[in-house]
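**Student:** Dock chains B and C against the given chain A, drawing on the hints supplied.
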Amino acid sequence: MTAAVQVRALRHTWPGASTPTLIIDALDVDAGQTLFLRGPSGSGKSTLLALLAGVLVADGGDGEVRLLDASWRAMSAAQRDRHRADHLGYIFQQFNLLPYLSVIDNVRLPCRFSARRRQRAGSGAAERLLERMGMDASLWHRAAGVLSVGQQQRVAAARALIGAPEVVLADEPTSALDEDLRDAFMTLLLERCAEAGSALVFVSHDARLAPRFSRRVDLTTLNAAATVAA
Amino acid sequence: MFRSPPLKPSTRRAALRALGACALVAGMPMAARAQAAARPGGYTELRWDDLVPKGWDPTKGMRDRNVAGLPDSDPRAGDLMRELREAWDNAPTLPALDGAAIKLPGYLVPLDESAAGITEFLLVPYFGACIHTPPPPANQIVLVRPARPLTGYRTMDTVWASGRLRTSRSQSQMGTSGYTLEAALIDRYVAAPR
Amino acid sequence: MTPLLGLAARSAWNRRFVLALVVASIALSTFLLLGIERIRQDVRASFSQAVSGTDLIVGARTGSVQLLLYSVFRIGQATQNMRYASAQALAGHRAVAWMVPLSLGDSHRGFPVLGTSAAYFAHFRHGNRQSLSLSQGRAFGAPGLFEVVLGAEVARRLGYALGQPVVISHGDGALTANDHADKPFTVVGVLAPTGTPVDRTVHISLESMEAIHLDWVAGVPLPGLKVPADQVTQHDLAPRQITAVMLGLKSRAAVFSVQRDIQSWRDEPLMAILPGVALDELWDVVGLGERALLAISALVAVVSAAGLVAVVLAGLDARRRELAILRAVGASPRHMLALLALEGGWVTLAGVGTGAVLHTVALALLAPWAQQHFGLVLNAGAALATQWGLIGALLAGGFLASLVPGWRAYRLSLADGLSPRT
Chain A
8 MTAAVQVRAL
18 RHTWPGASTP
28 TLIIDALDVD
38 AGQTLFLRGP
48 SGSGKSTLLA
58 LLAGVLVADG
68 GDGEVRLLDA
78 SWRAMSAAQR
88 DRHRADHLGY
98 IFQQFNLLPY
108 LSVIDNVRLP
118 CRFSARRRQR
128 AGSGAAERLL
138 ERMGMDASLW
148 HRAAGVLSVG
158 QQQRVAAARA
168 LIGAPEVVLA
178 DEPTSALDED
188 LRDAFMTLLL
198 ERCAEAGSAL
208 VFVSHDARLA
218 PRFSRRVDLT
228 TLNAAATVAA
Chain B
928 MFRSPPLKPS
938 TRRAALRALG
948 ACALVAGMPM
958 AARAQAAARP
968 GGYTELRWDD
978 LVPKGWDPTK
988 GMRDRNVAGL
998 PDSDPRAGDL
1008 MRELREAWDN
1018 APTLPALDGA
1028 AIKLPGYLVP
1038 LDESAAGITE
1048 FLLVPYFGAC
1058 IHTPPPPANQ
1068 IVLVRPARPL
1078 TGYRTMDTVW
1088 ASGRLRTSRS
1098 QSQMGTSGYT
1108 LEAALIDRYV
1118 AAPR
Chain C
373 MTPLLGLAAR
383 SAWNRRFVLA
393 LVVASIALST
403 FLLLGIERIR
413 QDVRASFSQA
423 VSGTDLIVGA
433 RTGSVQLLLY
443 SVFRIGQATQ
453 NMRYASAQAL
463 AGHRAVAWMV
473 PLSLGDSHRG
483 FPVLGTSAAY
493 FAHFRHGNRQ
503 SLSLSQGRAF
513 GAPGLFEVVL
523 GAEVARRLGY
533 ALGQPVVISH
543 GDGALTANDH
553 ADKPFTVVGV
563 LAPTGTPVDR
573 TVHISLESME
583 AIHLDWVAGV
593 PLPGLKVPAD
603 QVTQHDLAPR
613 QITAVMLGLK
623 SRAAVFSVQR
633 DIQSWRDEPL
643 MAILPGVALD
653 ELWDVVGLGE
663 RALLAISALV
673 AVVSAAGLVA
683 VVLAGLDARR
693 RELAILRAVG
703 ASPRHMLALL
713 ALEGGWVTLA
723 GVGTGAVLHT
733 VALALLAPWA
743 QQHFGLVLNA
753 GAALATQWGL
763 IGALLAGGFL
773 ASLVPGWRAY
783 RLSLADGLSP
793 RT
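Line by line, the protein sequences are chains A, B and C. According to my numbering, the first sequence holds residues 8 to 237 in order. According to my numbering, the second sequence holds residues 928 to 1121 in order. According to my numbering, the third sequence holds residues 373 to 794 in order.
Since the hints were derived computationally from the structure, they do not count as laboratory data. Backbone N, C-alpha and C fix where the C-beta goes; we use that ideal spot for every residue, glycine too.
Between beta-carbon pairs, the in silico distance windows are:
1. A:T227 <-> C:S791: 18 to 28 Å
2. C:R433 <-> B:T1085: 24 to 34 Å
3. C:G482 <-> B:P1019: 50 to 60 Å
4. B:R1091 <-> C:A564: 29 to 39 Å
5. C:A564 <-> B:R1072: 22 to 32 Å
This is chain A alone, in the form it adopts within the complex (with noise of 0.2 Å):
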């Protein structure tokens, strides 16, 4: 079976910058998997993430970053937002919703841009994720806007995983949460993700949160340019 996520090769380069940014020979995420990626601020990381999301595109040599075996490099720039409508979910470190949209209408809204996410998430299911992530029904039709941080960042996590998305990226959703709230949330996710079926890419700079993941790497080392920067 293909791996969920396949990196081959990858060469990018900062625009301005002299030496190339990131450089990785391989990495592979299987379909369910969970990986944790360790790596410091200004280690790449926010790169990779878009580049594993379809939002860059590698722009040395001809390395590739294929999702569900569909390289992002052989696609246009339309068919490279719908397949990741299709099939990826995304939680930022913190603003993760839109302040004018009801929390019910921010989890729904993948599906405003994939047919395939609303039908497979099917009637219900934004509802029955926040009920999984511990959101009272009460809030659902409240204005995003008036959520704490922590329940936020729950919501994100519902949003990203409506309609099941194969693959999950997570860009340090935890470092604006304190310890409690951190460990109920990654409690939550990593079950809900569980139950999904979806791969998880958790980028992060908090080792204390590396014995969850099933996979561990660490960024500086899987990336060569950082190595030789150093």
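**Tutor:** Okay, now just chains B and C, sitting in the frame of chain A:
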């Protein structure tokens, strides 16, 4: 019986000049005459002098009187102008043109306007048939009733009027009522470049 | 596009306080454009309907537009009268079919009084050759002393019925001393509504007009000359001066010839106008003002659109996270362009809608006043084709203007990707 006062010399001479060449009253270029007479829709294009019966000459009988040499204060000058006026007002129409499908260019003078547009107007051969020039003779004025009320036209706009010409005779003291164009199709007139 | 319509609406609503001024600005320009267009068309329709079938209007030599305005629309003043003897001579002209004399100058409670003959009711036409008809009573006879026929609007507004006593005032009736209180009139007829200045006119016979001025000299009542109402028949009530005359000709083609005759009338300086031609001259003058007003309103619309663009652009930097979120859930940069353009479209729609409603309300409020003072009929109801055209142009303009911030959002989301710079 009302009398009109003697006209100013310039106006009188202008009237006499126009009268002497009444068959050639043409205030606007007739360049289109050179094109084929039959037009799409089967209308024959006419010139204004085509509306005048051949041989109509209201100055007949005036030639022997020394017209241009009369001083203005001479009562004969006033009489002459009155005779002229009456001759023009009673100008005959060409019976042969009754029922003809014709197309004629001219200046538009609105008479009746409803909410939908102009429903009746007069077509005259030259501009400003008001103060400075004498009114045209009765056979140089066409009463037009457009097939559909006209919008977007104002006084003294130049138009082509196409339709069936009628020469009507009424019992009025004014003599013949002149020409009427019923259910006419109206287009804007655009002068040929010259 | 459709997933974005709802998003754009919610997003715009979320920032409604900031956008409220822009909405108000667009509403103002809509109000102006629609209002000017409506008034323009209705005034033209009202004016062109006011008189029909009259070949010439004759008066003292003033200006053609002036003569038209006061003889047909009762607007303005006649600076000079003409002699009734001339009117009678005109009635005998070989080309004239009918002659209706008009005498203006008095009023009743703000409504103009018209002295005329019985021929007025037979020959006056309006609209599409419609003649006058009575809804109550009858026209005054000849001489019809102290009898009044009211226009529909006068009867309605003052609540008059048949038999109502009416006191005519000299001039505009501002001073009660100018009332012809010693010679009261009685309403004998009420005309059906016409939608023309006839509705707000009070009609009396020429003889009645002469009778109430018997003891007046040069506009002032002289106590020594007082003539009581019951003695007026002992005096000669033939009018000497009138304001204007309406002529109908036996042959319409003769109009130029008759006009020429009147212009060169020997006994007094007269002028004759063709109502249609004089109206066109009026529109020439008014048209300049109309075009200026329209141009200014169009400028207001442009300024409003610029304001919309400025407000949305200014808020765009703060929305870069929002754009990144949308990117993450699968929106493309082109979706961002569409989103911003649609937001601008919603704002424009709100503005145009508000302006249109305001315009209808204002017109409904203005219509009775216009009807009463000018005999103008303003239709607040159905929108004109040109008004729909203006609405369409405003909506299109707002949407197109919003492509500017849309384009900026497109570039920002391309550049930022998932990591906005804020």
